[in-house]
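There are 2 protein chains.
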Amino acid sequence: MRRKLFLIGGLFLVSGLAAQTTDEAFIRKMADEVLVNGKAYDNLRTLTKTIGGRLAGSPQMYKAEDWGYNLLQQSGSQHTFKQECMVPHWVRGGKDQATALLPDHSKKELDVLALGNSLGTGEKGVSAPVLLVNSFEELEQKKDQVKGRIVFYNYHFNPKFVRTFAAYADAVKYRVMGASAAAKYGAVAVIVRSMSHSTDNNPHTGAMRYDSAYKKIPAVAIGLKDADWLAGQKNSTVTLKTMAHFLPDVKGHNIVGELKGSQFPDEYITIGGHLDSWDVNEGAQDDGAGIVQTIEVLRALKALGYQPKHTLRFVLFANEENGTRGGAAYADAAIKNNEKHLFALETDAGGFTPRGFGFTGPEAQLKKLKSWAPLLEPYGAGEISAGGGGSDISALHEKLKTPMSELLPDSQRYFDLHHARNDVFEAVNKRELELGAVNIAALIYLIDQYGL
Amino acid sequence: MRRKLFLIGGLFLVSGLAAQTTDEAFIRKMADEVLVNGKAYDNLRTLTKTIGGRLAGSPQMYKAEDWGYNLLQQSGSQHTFKQECMVPHWVRGGKDQATALLPDHSKKELDVLALGNSLGTGEKGVSAPVLLVNSFEELEQKKDQVKGRIVFYNYHFNPKFVRTFAAYADAVKYRVMGASAAAKYGAVAVIVRSMSHSTDNNPHTGAMRYDSAYKKIPAVAIGLKDADWLAGQKNSTVTLKTMAHFLPDVKGHNIVGELKGSQFPDEYITIGGHLDSWDVNEGAQDDGAGIVQTIEVLRALKALGYQPKHTLRFVLFANEENGTRGGAAYADAAIKNNEKHLFALETDAGGFTPRGFGFTGPEAQLKKLKSWAPLLEPYGAGEISAGGGGSDISALHEKLKTPMSELLPDSQRYFDLHHARNDVFEAVNKRELELGAVNIAALIYLIDQYGL
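Going down the list, the sequences are from chains F and B.
Residue numbering for the first sequence is 697 to 1148, as defined by my numbering.
Residue numbering for the second sequence is 697 to 1148, as defined by my numbering.
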């Protein structure tokens, strides 16, 4: 259908027809290259299975940096470099434990994970009665009952949002700010219902932030089945033990590859994902997928002998998960070096079947992107919408006003595994992953050819 | 983006605005009902885990019929009935076996599955040298070498087709017609490369057909890893043992539920999937998903107190996989009873995230469907394209000219598990499944309200 519409459109735009046909043919060649000879899936297997989780500061972070550097070079980067940045070094420090004790003296182990950047209970743990609240509003209503308790935020991921990122945006405040909100009223720890639609019991960790005005209390995520169970208990007491703590910041790096621009070598187009992941999984969908897609775009362009007009930067960002120091360092370097950044794109929503791109920038540029939708539709990503970008490129957008985009894959499965133990290689489908790379390559090609 | 466009459109179509707002609101209510209270996933668990594979003629077929009948009644069917049809009773008869023997006397077990409707080798098996052909053209070129050999069709599923059903349409002839094409030149059996993009070694069975002009030789599907291995061997001999055979036809049934039309009780709208599956798996995506979506549409409409104008038929078709006798019986009954069928929709492409609907019928009706795309886009299925329908409803289309549609979910994962052992409940995502039901319910609602 869409294809037919496009061709009919072409008849009325004779001057545009030749250009569209050339673009269509080149994008088709890129798609064939990725779908037939693609390396993204094999590269992801290596990253996830031989390196695994690679949180900022971990030994695996350095292994992943070296892997990424070498792979960018092998994939055709003409200039590969490491861009230093200090990164936080948060460690889990051991197995997170939670045990519920009921009034009848029965006990139940709960599956929890300390939230990223949280401080642990230490060896002796924390035991306290549980106070269930379903929202911040309910916390306020019950503020007189909070002191000395473990607050259990049982806010549900809202299934009515068709796009699951909207449910995440709605719920994530409990993970990020819940600890300090409860500490304000004297809570001794918090348990946060995982941000997920999953049908299993995996807890989903993720970054939290302390408000320095209040005591820094321990904070854990709990799996959905255990959350439902705990919400059904009256007068439960929970004992938490988490050993999470910070070590001193260490040197991390963005890993950058380049294809030099033939006409505008000093104008940059950035494509990137983040190399770090949480420590409890393989970081396959988050964001191993984005990393290998970024490298696959480079490989495919190079394999086809494409000479970009602008300099294309392929960036494996450091420390997205619990600091975004990599993204900040990239923007700072751009400012320091007086670089002109035409466009930046991030792929960090999973390697699922692509559906479109989000764009944050001037309306006229959005319109231009939308005019290319017929060229992307055959590969799935024809839905061009306003908004979106990425954690790593948002500093560039904020500081240099660089227009930014993000790949928008189908979102239904993402929060089944986001920041949970099951975000492993096996959760990624080869072709879905590859189609993401195809559509990114197509959009980058069009922007490189025609500007914004 | 699409939402915004729709609203802008509404401003210029004031007369249409109220109607669209009502429709939009009702579709939103149906979506909420399915996404919050949906039973499709739990129903699928029961069908797959307590009944499992349910090939025509098997004891599980009868269990599934009873399960479906009861569930339609529980879900609000006002008139539930079984529609009898004789179905084939093909049985695998044991474990399919294949062993390759190489010139150096080494052996390798190959993972194969007898093709559906094929006749087995019998206890003593068949041993013969392998003749590799990559296509029917190559078979013709090598026809003098075929006699006494096992022909190995190694035709690859083409990764260049973005929509995988196109790759299937391209490759499936080797499965369906390969045996007789090879028997014509004296082959003693055929091995067919599985129709799949999968990264595992599961063989994918599926129906084949003998041309009665030639000897009915055994036929098996082989997994992709073993196919690649076998293609790399010179002068291999394979011993096949398969026990597949037909038992006499037995009575099977389409299971039908109805919601009576308030204005046009004698005009029917059919929604259906097929209740049978292959014997080697749980038939979760193919087509347990379509079955539970069909029943979920009924449940949701009923839960919202919807009174249809036309009579809605919810049909669990018998024997799609190796006979389509259920679909034929449904059309025959429609003719016999002089029924007027306004529209038929089939869901048999998996319970993956919906992307659109295919439609086969008059151009003006296709245009009408396309005009509803903005109402479907928020739920993912806004891509309305020409073509498509379903095996079970095609008899209705052919004999009564009933316009027909099919739900078009994302197709990337379907052929990873289609007709293979891994088509199990765990391969289905709850929300993807539910969103299919949401979009079917929306389209059925619109057709019921406004006709075609």
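Don't take each hint at face value.
As the list makes no split between identical chains, a pair holds if one copy fits it or if it spans any two.
The calculated lysine to aspartate or glutamate pairs, modelled on EDC-like cross-linking and capped at a C-alpha distance of 20 angstroms, are [as the list claims (entries may be wrong)]: (1) K804 with E780; (2) K791 with D907; (3) K838 with D945; (4) K921 with E1073; (5) K745 with D896; (6) K911 with D738; (7) K820 with D962; (8) K856 with D719; (9) K856 with D738; (10) K1097 with D866; (11) K838 with E1059; (12) K843 with D907; (13) K921 with E819.
Calculated directly from the structure, the hints in this document are not laboratory data.
Results of checking the hints against the structure:
no.	hint	verdict
1	K804 with E780	neither (46 angstroms within a copy, 52 angstroms between copies)
2	K791 with D907	neither (26 angstroms within a copy, 64 angstroms between copies)
3	K838 with D945	neither (38 angstroms within a copy, 68 angstroms between copies)
4	K921 with E1073	neither (39 angstroms within a copy, 32 angstroms between copies)
5	K745 with D896	between (23 angstroms within a copy, 17 angstroms between copies)
6	K911 with D738	neither (46 angstroms within a copy, 44 angstroms between copies)
7	K820 with D962	neither (57 angstroms within a copy, 73 angstroms between copies)
8	K856 with D719	between (39 angstroms within a copy, 17 angstroms between copies)
9	K856 with D738	between (36 angstroms within a copy, 18 angstroms between copies)
10	K1097 with D866	neither (27 angstroms within a copy, 48 angstroms between copies)
11	K838 with E1059	neither (46 angstroms within a copy, 62 angstroms between copies)
12	K843 with D907	within (18 angstroms within a copy, 80 angstroms between copies)
13	K921 with E819	neither (27 angstroms within a copy, 50 angstroms between copies)
Of the numbered hints listed earlier, those contradicted by the structure are 1, 2, 3, 4, 6, 7, 10, 11 and 13.
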